[in-house]
Each structure stands twice: as C-alpha cells, then as structure tokens.
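Q: Taking the hints as your guide, dock the two standalone chains into a single complex.
Chains L and S supply the protein sequences, listed in that same order.
To convert, note that position 28 of the first sequence is 54 in this note's numbering; the numbers rise steadily by one, no gaps.
To convert, note that position 114 of the second sequence is 99 in this note's numbering; the numbers rise steadily by one, no gaps.
Warning: the hint list may mix true and false statements.
[Stated by the list, open to error] So, partial list: chain S residues that the calculated Cβ filter (under 8 Å) puts toward chain L: (1) ILE4; (2) ASP47; (3) TRP51; (4) VAL100; (5) ILE208; (6) VAL242; (7) MET246.
[Said to hold, decoys possible] Calculated pairs, BS3-like style, for lysine-lysine (alpha carbon to alpha carbon, straight line, at most 27 Å): (8) L:LYS36 - S:LYS85; (9) S:LYS39 - S:LYS28; (10) L:LYS278 - L:LYS97; (11) L:LYS43 - S:LYS85; (12) S:LYS87 - L:LYS43.
Hints in this document: simulated from the structure, not taken from any laboratory.
All values reported here derive from a predicted model rather than from experimental measurement.
Each residue gets a CB set at the ideal place from its N, CA and C atoms; glycine is no exception.
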Amino acid sequence: MSRNVKPGRKTSRRWRKLGVLIGLYFLIGLFLIWTLFPIYWIVLTSLKTTQQVNTMPPLFFFEPTLETYAKLFSGEAMLAFRNSLIISSSTVLIGLMIGFPAAYTLARVKFRARDQLNFWVLSMRMAPPFAFLVPYYLTFRFFRLLDTYPALIIVNMTFTLPFTIWMLESVIEEMPVELEEAALVDGCSRAGVMWRIVAPLIAPSIAATAILSFVFCWNEFFFAYVLTGNSTRTMPVMLTSLIGLMGVDWVKMSAAGTISIIPTIILALLAQRFLVRGLTMGAIKA
Amino acid sequence: MTTASRRLIVYFLLPPLLILLAITIYPFLFGIYNSFHDWVLYKPQLGRPFVGLKQYARIFSDSNFWTALGHSLIYVALSVSCSMFLGFVQALVLSRDEIKGKGVIRSVLIIPLVVAPVVIGFAFRFMYNSDLGVLPWLLEQIGVRIPRILGHPDWALFAVILVDIWNQTPLPFLVFLAAVQSINPELYEVAGIDGASYWQSLWHITIPLLRRAFLVVLLIRTIDAFKAFDILYVMTEGGPGRATEVLSVFGYRLAFVGWRMGTASAFALILFYIIVGISTFYIRLIQRGQSYV
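Excised from the complex, chain S in its bound form (with noise of 0.2 Å):
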C-alpha cells in the first residue's frame, strides 16, 4: 500500500469509520452485558445482578415466544411469497413490448413502498372497520358478509399480512423488472423461431436467468418481515389477545411494557441470530451461483 493511499484511509476512512462502529458496536456490546443481567426499571432497588444465562432461559421457556415466533414464521411465509409473486407478475406484465405508458405505471406501482407504514396501517385499519369501513361494505354488495376482522383472532393475522403485502409488493417488482428488462431479447427471437410458446419460454429462459433477482429478493423481503413491526402495531398492537404477536412486537411488549431490560437485551440478540442465520442461508446461495450466471 502506498504511502498516499494510507494517509487517505487515516483521515478520510477512520473518522467516519470509528463513528459508525461507535454508533452501531457500542449499542451490541451494552445489550449482550444487559442480556447477562437482571434489570427491572420500575424495581431500581434491585439493581442490576448478573444472572448468567438465566435471560436466555426465560425467553425459551416462555410459552408466549413460541407463539410470536409461529406468527412470525407464518408472517414471513405469507408476505414474502405473495409480495414477490405479485411483483413477478407486475413485472412480466410491465415488461412487455405492446404496453404504452410503461413509466407512468411503474412510478404509480412503487409508490406503496415510499409510504409511511404508520400511515397504511391507519388507512387499512380504516377501512376493514366495520361499522364505517368501505372493505366490508363492498363485499356485503356482492354478499360476503365477513366478522369484524382485526378483532377476530383467526383472521387479524392474514389481514395484517395483505397490508404488508401491499406495502412491500414494489421491492420485488422492481428488481424483477430490472432483471427481466436486462435479459438479451434475442434469446427469446431465437426461441420464438424454434416454435416455443410464451409460457415455454417463460419457463426456460425468464425463470432461470432470474434465480438471482430471486434470490436477493427473498434475502431482503425476510430480513423486513422479520423486523416488522409498524403496520401491525398500529393496526391491532399484537391483539385481540396476543393473536397477532409477531416477535418484535413480543419485544417492544417485554421491554416497554414490562420494562424488563435483561430480558428484553437477551431476546433481541436471539431475534438477531435467528435474521443472521437465515440471511447467511441465501448469501451463500446467492455467492454460490455467481460463478455461472
């Protein structure tokens, strides 16, 4: 390394550098030693003993974590599968030759993704009311008449969910299109020429040159579904019960509700190795197929 190049990473590198470890190491740190101790803020006369792993045995033996993490797992599954099918389909469309207006459709398409979650969820949670909202009003013209669905156990769940869908839809949209426009058109005039259909073509040369769009897509989409946290506290703040208890909102409960800050420390590490483990799951697969795509 030249001279130069070290004295450009002694100013220019280690100032931003040591404040971004600062910043984001620092809060790591305090929370594994938090996750050691037992720290009640309304009990002060306590104070902070250290209890050894006993945080950790807590959280895994509470009946509760298992359940957020069940709605997690489902919360997951749903919107990430749906979003990205949507979006594949968004994107398939938008990509095709005859539509006119591609860029004034594809800019409207993404605005769910820029709005505020908070403000969705109001928005949703406005209209699935039941006495005012406009969702069980249009289904009761075409005769479904549905139960009041945040307050119903079974269903707050899924309708949940449909608003994440609709929010996160524009993340795989548009990186399949970005994916579907860079693919070389003459693959499909060469397929087109060998009498391969729309759909055969689809098949064998959309979808496999997408396994990488496909990839990035899923690791991301996981990665926020598991963080998510605003739509659903908005809409229902985990309830009726705790039926829609995903694991973050378990969290915000243990740490601001029963302002349990070991516990709350050790769970939010957990929550972090479980986004870790996956992540690293898809990197390696996504590092993997880098040599021949």
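The following block holds chain L by itself, in its conformation from the complex (with noise of 0.2 Å):
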C-alpha cells in the first residue's frame, strides 16, 4: 500500500479496509467455532437425558436436566475427583518444596555443572512417558505399592519437577540480587533469604507453577491407567470405565468429562501469563 494515495481511490481504500476487516473477523469466528464447538457438544449432551441423546437429527434445544451430575456426584465420580485432588495437590506441593530450593540454587550459583543439568531437565522432557512406566512399574509391583497414592505421585514428579525447577529458575534469574545481598550483610541467613525474601517476590510465578503443574497431573492419563486401581483412580481412568460392553453411556461420560475439564479451564486462565513459558520449558533457552 503506497502512502502517496491519488484523492479519487480514496473511497476505494475505505471499501478495502472494511473488507480486509469482515475478512479477519470471519476467520476469528471460525477459529472460535472450531475451538469451542467439542466442548459446547460435551456439555450439552450432559445436560439431556439418555432419550435426548438417542434421538437423530441430534437435539440442540431441549429442557436441560442435571439428573447425570447428581448421579455422578453420589457414585463413582465422587471418589474419581477426590483421588485426582489428592494425587494432583501432593505432587504439586511436593514439587515446589523440593524444586524451588534447587531452582534457586542453580539460578544464583555459577558452577560448571550447571548447563549439564539444565540439560538433564530439558532431556526429560523428551524421554517418552513409556520409557519410565515399565521400570516403575515393575518396582510397584514388587514393593505391592501398586494402586496406593504414592505410586502415582513418584511417577508423576518425574515430570512436575523438572519443570518446576525450570519455570522457577528462570524466574528467579531475571531478579535482580542486590535485595538478597542487602539482606545476607545485614545476617539473614540463605535459608532465610529464600524462604522471606525470594519467595514472597516471586509468589506470583510460584502460583502460575504449581497451577499448571496441577493442570498437568489432573490430566495425566497414561502412569494413572496403568499404575492405579478401582480404589486409587483418577478422573481420566473413571471415565474409561464408563465404556460398557454395550457401548459407552455418552451422557455419563459428557458429564464426567465437564465435570474434569471445568477446574483445568479456570485455573490455566488464571495462569495464561506464563503458559508460553511454562509450555516451551526448556527449549527458548537451550
């Protein structure tokens, strides 16, 4: 587009610009449609009853019941999501317990085994979770630790730690020190510094952290499959319970899956600010 415009094509540049805008927001309501139309589907099926979903044409609007939530609720998905609550939680805060000091660490400390490490922390990302579940969980098996929370924890930090480690310490590196050395002169200890004065700071990016950790091991579906049992299993595993022998109860299933996707949606918009971080771990940096 030249910026010396002849005055007649004006009105012509106006025309185009209101295309190119009609254009723009005609793909942006595509991509919303294509986003949002599985989820809308999901929660609408919940919300009929098995009738209503028998019926073909498929129904768009019908009376909404929450019969199948009540259901769910007094049944198995109320153990599903309690499990999935503790295993996600306890992995998410053991994480940061043990990763926020080592991520400090490496984020102050220059030493030579540093870029190694970071690279350890960046190679888990590409080991493939079926590389660590045959070992683990032949030593479950052995140990009888099969279908009990810890199983499932282990396994899982094998990912939420790492990448506690490094959304942390980058995190931490963009800090500037001078606070923490003001402090260690005036005798806090390093402990001290960390625990008072680095993690109040950056409590923000601790919150995004351990929030998609969370989101992560909420959605874990492969180490649960296998490692848990009819008294330890998580959301994602109850749900393919629900396939029968008769086929799969789509109603159920529609609502136990609202049910599991509603808090991932609300927490990960909590934390969208750090989600390009969070999901790109490791390789912007290497």
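A: Encoded structure:
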C-alpha cells in the first residue's frame, strides 16, 4: 500500500479496509467455532437425558436436566474426583518444596555442571512416558505399591519436578540480586533469604507454576491408567470405565468429562500469562 | 567458587537433585537392564534369563513395529504441520491492530490445550459416532455421506490426528503470537513507505524473524506428537485391527497386553533414542540460529 495515494482512490481504499476487517472477523469466527464446538457439545450432551441423546437428528434445544450430575456425584465420580485432587495437589506441593531450593541455587550459583543439569532437565521432556512406566510398574508391583497414592505421586514427579525447577529458575534469574545481598549483609541466612525474600517476591510465578503442574497432573492419563486401581483411579481413568459391553454411556461420559475439564480451564486462564514459558520448557533457552 | 556458594550447593541443591536423579535415572538403568533380559510376567517359572540383544532383534524383525513407526511418522508429520500452520494463521490474525477484544479471543483459543486429552478423545468419539454423532449428521445436511470414520482402516488415523490438531494448536498459536508481537513495528512502517504490500512484509519481515520460534515449536510439537497416547487410545485403542497403532500404543500392548517386560523395555529405549535423535537435530538448528537472530 503506497502512502501517496491519489485523492480519487481514497474511497476504494476505505472499502478495501472494510473488506479486510470483515475477512478477519470471519476467520476469528471460524477459529472460535472450531475451538468451542466440541466443548459446547459435551456440555450440551451432559444436560440431556439418555433418551434425548438417542434421537436423530441431534437435539440442539431441549429442557436441560442436571440429573446425570447428581447421579455421578453420589457415585463413582466423587471418589475419582477426590483421588485426582489428592494426587495432583500432593504432587504439586512436594514438587514445590523440592523444586524451589534447587531452582534458587541453579539461578544464583555459577558452577561448571550447571549447563549439564539444565540439559538434563530439558531431556526429561524428551523421554517418552513409556520409558518410565515399565520400570516403575515392575518396581511398584514388587513393593506392592500398585493402586496406592505414593506410586502415582512419585511417577508424576518425573515430569512436574523438572518443570517446576525450569520455571522457577528462569524467573529467579530475571530478579536483581541486590536485595538478597543486602539481606545477607544484614545477617540473614541463605535459607531466610530464599523463603522470606525471594519466595514472596516471585509468589505470582510460584502460583502459576503450581497451577500448571496441577493441570498436567490432573489431565495425566497414561501413568494413572496403568498404576491405579479401583480405589485410587483418577478422573481420566474413571472415564474409560464408562465404556461398557453395550457401548458407551454418552450422557454420563459427557457429564464426567465436563466435571473434569472445568477446573483446569478456570485454573489455566488464571495462569495464562505463564503458559508460553511453561510449555516451551527448556527449548527457548536451549 | 566461594565457600558460601559451595555450602549453598550442598544444602539446597544436592538433596532435591538427588531426588530428581533418583526418580529419573533409576528407571532408566532398570530399563536398560531389563532390555537385555527376557521377562514375561505371566510365566514366572522361566525366571529372567539374560538374552543379550535378542529383545532388540525381536522388535526390529517385528513387522508390527515398522507399521507402528509408519503410523507415528504420519501422525507426527500431519499433526505438527497442520497445528503449526493453523496456529500461525491464528497468531497473524490476532496480532492485527484493528481487531477488538483480542484478550478474550486469545483466552478462548488456548482452552483446548488444557482440556484433558482423554475427555476430548471421548468427546470426538461421540461426535464422530455414525448413529448418534453430530458430525456425520452435519455432513449429511450438506450432502456428504461418510462411512463409520473410526471403524474404517483408511480413515481412522486421520480422524484421530484431527483431534490431536484441535488439542495442540494453542501451543504454536501462543508462541507465534508472542514472537509476532515482539517484532519492532517500525520495520513494517518502513516497509510500507517503501511500497511493500502486506504479503511482501509477511514474507520478508515476519517469517524470517520467526525462524527461531518456528524451530522451537517444531521441536516441542514433534516430541509431544511422538509421545501421543491418550487421545488415540480412548478413541480407537489402536484399532480397527492395527490401523491406528502408533509407537506408544505398540509399546503399551507389548507391556500390558503381552506382559513382555524385557521386550517392552528394549522398545522404550528405542523410542527414547528416536525422540532424542530428532530433538538433538532441531536443537542444533536452534543454537546455530542464535548467533544472528
């Protein structure tokens, strides 16, 4: 587009601009439909009765019912929801307790093995979960830890711990050291500096890291599918148990699915500022 | 190194590091050990004899392994390229000044990434359903009749890949959006004064400056696509037959259907080396670009 437009072409330029604008909003409309339709559809299905699901053409308008949710919450979903909550939050808390000191040291102390350590953290992302699963399955089987909380918590740490260290290290590195040095001069211990000065300063990042690790654990299926049993199974595993011999109970499936995705959507939207950093773990700095 | 920082390492770094190494190195060593032994869980009477490289030979001579590798390569190629293209277009649209409500639209577009793959796999399985599903019905309204998608050996893999694209597009979108927004707007103004069209600016300014972001996304998406299991497993379990069996499902069947732990361990290492090999190649490219980007 040339800047020195002749006066007569001004209106045609305005039309062209409008055309571009309409085109852009049309594209955005398509993106939104593509993104939201599957979610809209499971939420909608979860509000139907089995009879309403079994009609063709599919019903878009009907009288919604929360009956399925009531049934789920008095039955299998409640236990799975609780298990997911216990396993995910324990993994996140332990991960922070272990990961924060490690991240702090990695960010503040220069030593030769540091780069190798960072590479190790990154390479954990490349390791297929399958490579961890078989040895862990055999170990837990030997110690009779299958179908217990610690089993899944330990295995989940193989991906949340590198993630936590990576996130917090990159955040602490961006912080100026002066404040910490002043505190050290005033006689504060290193541990005091770490927990009482650094931790409150990066509290939003710690929260975001915790939220994202929580979401990863909450959605994790592969490990949970193999390592949990009837008493410890998480939401994603519980969903697969709704496949019966006679097919899938789609209403129940949709309701349980809705229950399990709503917390993650809310949490992730809270932490979305940190998503790019978290998801490209290691690679941006590599 | 000062004594203070050495003490810092000993007290704060060593304990967490030992835990991290323990939970990540231990399974590797155990896995390597297992890969040289024959260990079939339902035949405990056979023990765990040392078999050398026989497990590796068994995998490489298994035609199902090569089929699964082929499926994985199709899966990775299609899922990565399509999600990157779609994410790129989304990022370009959402970085235009004239669009209002960008923050809300951005928040909506990232939702698929945080939805549990299992849930979305089931949601699409229901939508694809030929008796009750909404997609076959919608297509029929515009005059297209399709067979049972997930039961069809030629179609099932592509139907599953589409779901993976839905699930993963937000990652390239977010990274590209951040990269596009960090480009100095003066570059475009100068190009505009020189008479460059939008497409010319895109080709000569935006795309070259996004080189690093492209490589980073390519690296991460490739790793993740090779590891993909959840969506595929809940949608088809690798079926019909072995039509959608990718490497991770092949491994799952070895270990937890066939209970051959030795063979499965050898396979896990092969899969790991495939991913590490490809990643190392990409990381080299990223590092090489660093000097002038």
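Q: Does each hint fit the structure? Answer for all of them.
A: Cross-check of the supplied hints:
1. ILE4: holds, 6 Å
2. ASP47: Nearest chain L Cβ about 16 Å off; hint violated.
3. TRP51: With a minimum Cβ separation of about 18 Å from chain L (threshold 8 Å), the hint on S:TRP51 is violated.
4. VAL100: Cβ of S:VAL100 sits 5 Å from chain L, so the hint holds.
5. ILE208: holds, 5 Å
6. VAL242: violated, 11 Å
7. MET246: Status holds, d = 6 Å.
8. L:LYS36 - S:LYS85: holds, 24 Å
9. S:LYS39 - S:LYS28: holds, 18 Å
10. L:LYS278 - L:LYS97: Roughly 9 Å between the alpha carbons, so the hint for L:LYS278 and L:LYS97 holds.
11. L:LYS43 - S:LYS85: Holds, at about 15 Å.
12. S:LYS87 - L:LYS43: The hint holds at about 19 Å.
In the structure shown, a violation is registered for the earlier hints numbered 2, 3 and 6, in ascending order.
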